[in-house]
Amino acid sequence: MSGEKENVLSGSVERNEQAKQVVTNNQVNELEGGWFPYPPSRPARLIPPIALAYIGDAVYEVAVRQYLLSKANMRPNHLHRSATKLVSAKAQSRILTSIEAELKEEEQDVVRQGRNAKSGSVPKNADVLEYRHATAFECLIGYLYSSSQHDRMIQLIGLGIELAEQASASTSK
Numbered sequence: 029m030s031g032e033k034e035n036v037l038s039g040s041v042e043r044n045e046q047a048k049q050v051v052t053n054n055q056v057n058e059l060e061g062g063w064f065p066y067p068p069s070r071p072a073r074l075i076p077p078i079a080l081a082y083i084g085d086a087v088y089e090v091a092v093r094q095y096l097l098s099k100a101n102m103r104p105n106h107l108h109r110s111a112t113k114l115v116s117a118k119a120q121s122r123i124l125t126s127i128e129a130e131l132k133e134e135e136q137d138v139v140r141q142g143r144n145a146k147s148g149s150v151p152k153n154a155d156v157l158e159y160r161h162a163t164a165f166e167c168l169i170g171y172l173y174s175s176s177q178h179d180r181m182i183q184l185i186g187l188g189i190e191l192a193e194q195a196s197a198s199t200s201k
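Residue numbers (my numbering): 29 to 201.
Among the hints, erroneous ones may be present.
Below, in silico cross-link-like pairs of lysine-lysine (DSBU-like), each with a Cα-Cα straight-line distance of 30 Å or less [claimed, not checked]:
| # | residue 1 | residue 2 |
| --- | --- | --- |
| 1 | LYS132 | LYS146 |
| 2 | LYS152 | LYS113 |
| 3 | LYS113 | LYS146 |
| 4 | LYS99 | LYS118 |
| 5 | LYS113 | LYS99 |
| 6 | LYS132 | LYS118 |
| 7 | LYS99 | LYS146 |
| 8 | LYS132 | LYS113 |
| 9 | LYS118 | LYS146 |
Just the calculated beta-carbon pair ranges, DEER-fashion [claimed, not checked]:
| # | residue 1 | residue 2 | range |
| --- | --- | --- | --- |
| 10 | ALA129 | PRO104 | 34 to 42 Å |
| 11 | ASN101 | ARG70 | 41 to 49 Å |
| 12 | ARG103 | LYS132 | 18 to 26 Å |
| 13 | LYS132 | SER69 | 37 to 45 Å |
| 14 | ARG70 | MET102 | 35 to 43 Å |
It should be emphasised that the hints constitute simulated quantities derived from the structure, not laboratory data.
The C-beta atom is built at its ideal place from N, Cα and C for all residues, glycine as well.
Sequences are here, hints too, so could you generate the full structure?
Here you go:
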């Protein structure tokens with residue numbers, strides 16, 4: 029094997045060992061900043077609200093899907109309709125309103141920053157106020173996820189889903 033190829037392979041093996049070490053270290057620290065071995069580039073409080081909303085949207089979507097899969101006899105079409113009811117801007121806005129009394133001061137600050145963030149566009153199926161509140165909710169989830177406050181994040185998502193399901197059940201009666 030030529031020296032150049034050997035160096036490339038050696039570098040590749042070294043990077044793989046470093047990646048394994050990162051995962052091992054992060055498993056000990058509960059994967060600081062998230063569920064994967066890619067910590068945020070800066071502390072969560074310094075990440076722009078729109079970026080926190082970006083990751084918060086994805087994390088909340090996974091939480092809702094996991095919740096729906098925990099229910100029995102869910103067909104794909106029903107899963108999609110049920111997820112939409114919990115993930116829409118209107119639903120997220122309502123969830124935020126229902127959990128606001130439970131938020132700590134630090135979390136209220138994050139929500140305020142998320143609500144005031146300018147995203148550049150508003151979807152056609154949501155009004156501006158709902159969309160801003162939904163962004164604030166996603167920002168909160170992103171903040172909790174990125175700052176490794178996973179237990180708190182799970183608690184608030186669970187409370188939000190529970191309250192949304194109760195509201196949905198009472199309006200369908």
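For each hint, the structure was consulted:
For the hint linking LYS132 to LYS146, the alpha-carbon distance of about 24 Å falls within 30 Å, and the restraint holds. Taking the CA atoms of LYS152 and LYS113, the gap is about 16 Å. The hint holds against a cut of 30 Å. Note on LYS113 and LYS146: the hinted pairing holds, with a Cα-Cα distance of about 25 Å set against a maximum of 30 Å. Annotation: proposed proximity of LYS99 to LYS118 holds, straight-line Cα distance about 23 Å (limit 30 Å).
Restraint check for LYS113 and LYS99: satisfied, since their Cα atoms lie roughly 15 Å apart, inside the 30 Å limit. Of the supplied pair hints, the one linking LYS132 and LYS118 holds, its CA atoms being roughly 23 Å apart against a limit of 30 Å. Proximity of LYS99 to LYS146 is assessed by CA-CA distance (about 36 Å); at most 30 Å being required, the pair is judged violated. A distance of roughly 27 Å separates the Cα atoms of LYS132 and LYS113; the hinted pair therefore holds under the 30 Å criterion.
Distance restraint check for LYS118 and LYS146: the Cα-Cα separation of roughly 18 Å lies within the 30 Å cut-off, and the hinted pair is therefore satisfied. Between ALA129 and PRO104, the C-beta spacing of about 36 Å keeps the proposed range 34 to 42 Å intact. Distance hint check for ASN101 and ARG70: the Cβ-Cβ separation is about 44 Å, which falls inside the suggested range of 41 to 49 Å. The given range of 18 to 26 Å is broken by ARG103 and LYS132, whose C-beta atoms sit roughly 39 Å from each other.
Judged by the Cβ atoms, the range 37 to 45 Å given for LYS132 and SER69 is violated: they are separated by roughly 25 Å. Here the CB-CB span from ARG70 to MET102 is close to 39 Å, well matched to the stated 35 to 43 Å.
In the structure shown, a violation is registered for the earlier hints numbered 7, 12 and 13, in ascending order.
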